[in-house]
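Student: Put together the whole structure using the sequences plus the hints.
Chains A and B supply the protein sequences, listed in that same order. Its first residue numbered 1, the first sequence is counted upward by one per residue in the numbering used here. Its first residue numbered 1, the second sequence is counted upward by one per residue in the numbering used here.
What the hints contain is simulated information worked out from the structure, not anything from laboratory work.
Here are the simulated SDA-like cross-link-like pairs (lysine to any residue), alpha carbons at most 25 Å apart as the crow flies:
1) A:Lys42 to B:Thr158
2) A:Lys78 to B:Thr128
3) A:Lys85 to B:Asn125
4) B:Lys322 to A:Asp77
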Amino acid sequence: MFTHKLIHAAALIGAIAFTQAASSQVARFGFGSTATPEELSKFFSIPPDGRGLPPGSGNATKGAQIYAGACAACHGDKLEGNPAKGIGGDKLLGGRDTLASKAPVKTVESYWPYATTLFDYVKRAMPFNAPGSLSDDDVYSVVAYILSEAKIIKPSETIDAKSLPKVAMPNKDGFESDPRPELQLYH
Amino acid sequence: MSAISTPTPDNQTQRMIDDMIAAEARYLSQRATEEECACKDGMFPSRTPANRRNFLFAAGSSAGAAAATLLAGSAIAQQTPAGAKNFDVPADPTKEQGRAVAADGGYGTRSQFETEARMRFPTANENTSWSFTPLDKTLGNLTPSGLHFERHHGGIPTIDPAKHLLFVHGMVDGPHKYTMADLKRFPSVTRKYFIECSGNGLTEWNKPTLKTVQGTHGLLSTSEWTGVQFSTIAREVGLKDGGAWVLAEGADAAVMTRSIPMEKMLKDAILAYGQNGEAIRPEQGYPLRLLLPGYEGNTHIKWLRRLEVSDKPFMTREETSKYTDLLANGKARQFSFDMEAKSVITFPSGEMKLPGPGFYNISGLAWSGRGRVQSVDVSTDGGTTWVPARIESVPEPICTVRFSLPWMWNGQAAVLQSRCTDETGYIQPTLKQLIAIRGSNGPFGSIYHLNAIQSWGVAADGSVTNVHA
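Tutor: Written as structure tokens, this is what we have:
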């Protein structure tokens with residue numbers, strides 16, 4: 001009994017001590033430190049509304065030059081992909097109207113629902129041998145080139161933070177949210 | 001519309017399947033030689049240690065460069081099995097002293113006689129590829145950390161934990177950054193969970209393709225994970241109203257990103273730094289990975305460096321163009337996160353050979369991303385009759401269980417199957433049921449989330465093969 005009371009008292013004291021040590025409003029551990037805007041400025045992730053797209057712009061003509069130097073080795077001169085050993089670059093063009101066929105071909109042109117994703121991914125992880133090395137203007141241009149070759153935009157169009165989110169991809173309505181568990185399995 | 005939009009068969013995909021079949025055949029032929037066994041009896045290896053060791057030494061010097069490349073990590077390509085060291089084998093270990101205590105430098109290796117290894121899928125590019133856990137050889141329920149399956153999109157980065165930071169920002173009251181030391185000061189949880197790649201079994205939609213359970217189911221592994229709950233960090237930074245999604249970002253060359261529903265993050269997400277009692281392995285995200293129990297493996301972002309709270313998903317490349325399930329009608333399912341109930345018999349399984357009629361202990365693994373395994377049934381007649389299996393480990397939520405069933409084989413052809421029921425009452429479906437819903441377009445069907453019942457055919461001569469029954 002005595003021991004029990006002692007433990008109870010100790011627990012109470014502990015609780016009080018913790019409350020006093022914590023901030024006046026909410027108990028927080030307080031580990032870590034504030035992330036500054038400068039630190040956060042190096043990060044990006046671009047949703048379909050284009051939030052976070054950087055300044056700058058590009059077009060297909062400039063993009064063709066950048067593509068030839070930085071992308072063609074893996075994705076092919078005609079954006080047809082390169083399955084060679086050690087490379088394995090995805091095909092970027094073609095495949096429209098194949099998605100419901102027996103041989104679906106999933107490419108940027110046929111499958112990707114948002115042009116913003118293309119910008120985000122190229123800036124993030126391309127080119128494969130030097131990820132994140134392209135300037136924002138270069139990324140805009142490469143994106144413009146791929147979209148233009150895919151006949152999604154006109155070759156003359158300028159792509160920037162304003163125009164990119166407005167690009168309508170051919171498969172923009174091709175996705176539905178996961179309906180599982182599948183009710184058919186409960187027949 | 002351009003000329004290029006004419007429908008063409010996806011040759012690249014077909015080539016990948018052919019390469020995989022060839023690579024598995026090479027892997028199997030090497031392994032058969034290794035076991036110095038006339039038959040394909042993976043279950044009863046006739047091991048003569050001294051000869052075996054000599055053989056491995058010989059193989060080490062003679063293995064061709066091609067074999068070494070294709071079978072990197074396999075014992076045959078090197079002097080000693082990966083993760084082991086070679087020692088002389090005394091004629092009688094009771095007649096001389098063994099090795100000195102801690103002569104291994106204080107970190108142990110596995111026995112030189114154990115050769116289980118992961119097998120890499122022969123994608124053209126070795127940095128964006130995957131490797132399979134040898135489920136036919138692993139024991140019990142947990143996967144050894146060194147055999148945990150891998151899927152990387154930009155190789156395995158080397159990260160100094162002293163310099164690694166986790167940023168938490170977006171729709172929060174106070175954006176924060178945490179060092180690994182900071183994260184380890186928070187209260188932690190330790191839980192056993194499986195991780196399964198949603199591409200596990202992708203080659204098996206249309207016909208039996210790979211021969212072994214390592215190939216058909218090896219993108220599944222189970223570990224004990226230790227880390228901080230996201231909910232703990234959420235209280236620290238303060239969540240703003242309307243924060244419905246969290247972007248997780250990795251510090252690898254792919255700068256991998258996935259958007260995760262806030263509901264899931266607050267339910268059971270762990271920022272994990274521990275795996276099986278030690279720091280997470282580099283291939284598993286050292287020093288920090290996201291753990292999302294029951295979600296497809298790709299969402300468990302490795303080398304985690306950033307969490308951004310948002311009102312909407314970001315529609316990253318992985319969650320639009322890659323990890324989506326294209327159905328026969330041309331529409332694709334998105335955010336198909338759950339890994340549904342599934343099971344597989346690992347013994348006997350493909351490429352094994354039963355020496356003759358008699359007693360066998362059928363054994364396998366069962367799991368569900370929606371909770372505990374409730375029960376497992378086994379059939380030896382292709383699903384006509386089912387018998388409840390014995391559950392050999394205590395079922396835990398979203399963790400594999402080992403099951404078994406004693407079986408007297410009468411020497412006649414049989415088809416072995418297992419079927420998992422999870423605690424929600426969901427019953428693992430047949431392949432026919434799944435294809436009726438999702439279609440079978442293209443060489444890989446709808447690719448992801450194949451959780452159908454697996455069949456192993458046992459022929460009268462005892463050989464076991466992958467079949468669709």
